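Visitor: Chain by chain, the residues run as shown.
Number of protein chains: 2
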Amino acid sequence: MDAVIKIGGSLAEDPKRLRTLCTELSEFAKKYAIIVVPGGGKFADVVRDLDKCFTLAGEIAHRMAVLGMDQFGLLLCQIIPNSCATYLLSDVKQFSEIGVVPIFLPSRLMFKEEPLENSWDVTSDSIAAYVASRLHVAKVLLVTDVDGIFTKDPRKHADATLIERLSAEELLKFNQRTSVDCHLPKLLLESQIDCYVVNGKHPERIEAVLAGQQATCTLIAAGTE
Amino acid sequence: MDAVIKIGGSLAEDPKRLRTLCTELSEFAKKYAIIVVPGGGKFADVVRDLDKCFTLAGEIAHRMAVLGMDQFGLLLCQIIPNSCATYLLSDVKQFSEIGVVPIFLPSRLMFKEEPLENSWDVTSDSIAAYVASRLHVAKVLLVTDVDGIFTKDPRKHADATLIERLSAEELLKFNQRTSVDCHLPKLLLESQIDCYVVNGKHPERIEAVLAGQQATCTLIAAGTE
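Just so you know, the protein sequences line up as chains H and F, in that order. Following the working numbering, the numbering of the first sequence begins with 935 at its first residue and continues without gaps. Following the working numbering, the numbering of the second sequence begins with 935 at its first residue and continues without gaps.
No lab work stands behind these hints, which were simulated from the structure alone.
Copies of one chain are not kept apart here, so a pair can be met inside one copy or by any two copies together.
In silico lysine-lysine, DSSO-like type, Cα no more than 27 Å apart, as pairs:
(1) Lys950 with Lys986
(2) Lys1046 with Lys1027
(3) Lys965 with Lys1027
(4) Lys1135 with Lys986
(5) Lys965 with Lys1073
(6) Lys1027 with Lys1073
Note that the structure is predicted; figures quoted are calculated from it, not measured.
Go ahead and model the full structure; you've got the sequences and the hints to work with.
Guide: Right, dumping it as structure tokens:
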């Protein structure tokens, strides 16, 4: 398989653009063997709100948020042409081989095996990387609504610049919040997976990354080059 | 088993009161064999919003909303003392017998058997009644944030009055939206289950209904008396 592509839930804020992206993904799947992993989006936001009100146990909040990924995955299944949702890693390759875009719903695997810690440090970013490691896929794309990881929060600082490349080790030591979760760099290092943070509003960037070409994005490289 | 008790997701709007209710439920479970079925609440609201934006297929929206019940069930599991969540109807009686409050997470049963139609006419109300029918429980309590079913919407009409009792057949013919879903009266008729719409802000009413005593609520009676 060529790549795991996580579709961030925030992209659902702009339905028309998300539909365009999903149609393009289906086209890319004709050339590349891809697996779609859903983000949590609005559902994860509801869990965060409830967590604030009820001080949920880590395991409970984590499970609720993972179910949010299943929910968004079901939505993606409707809008990615020629796709099929599955709970089984074993289905993924078979679907791809017959030309169907596999959408992996993570709840059953996560609840059964509990391979990752139960905290907000682990979100759909880490789960996408974990799926890639399980399927021996060397590339993960985190498709979101920003161009990549910036030196500072670009919504607050006009002088923030896009980081085109950093190593997973550098990201581990990065002393501020980024658009990816805190556990991700550890997983990338362990599994030697390259990760690209890409803006889903520009599907051509996703295609370029799949083709191994230059694109506006952030590469989090497993190796140090 | 004595009763299926559905806890409406809207009760999470008032965390302190929901906690009080949940503590009381755990007490009631010492005297009565109860099964808790979660509502969908905020999660179902997110599905409704996405349905408006993406015009989801009935099956997709339904599944997403049912996962919302699982999510709220996990939360309830944290705040109902001495409770345990399960996907299996077969666990429910066993849990109850050893003094644990069973919380039924409906997704796996619903996805596997698809016993109810995939539409917004079927919500957690109907699913609670279906669980009761499967477990041969004759009483369902729909615990919500209003006193019961009114002659008119009480938020809009000052002269709305509480209906203390109506038959499932009468509810079928009721030509306006009520606080319960449209499919419910059919299910109650088929399974001959009595259903009580009760305000969860007054846990003593729930206890009264369990004890077969008078309480402020609406009884939807399966028979015509």
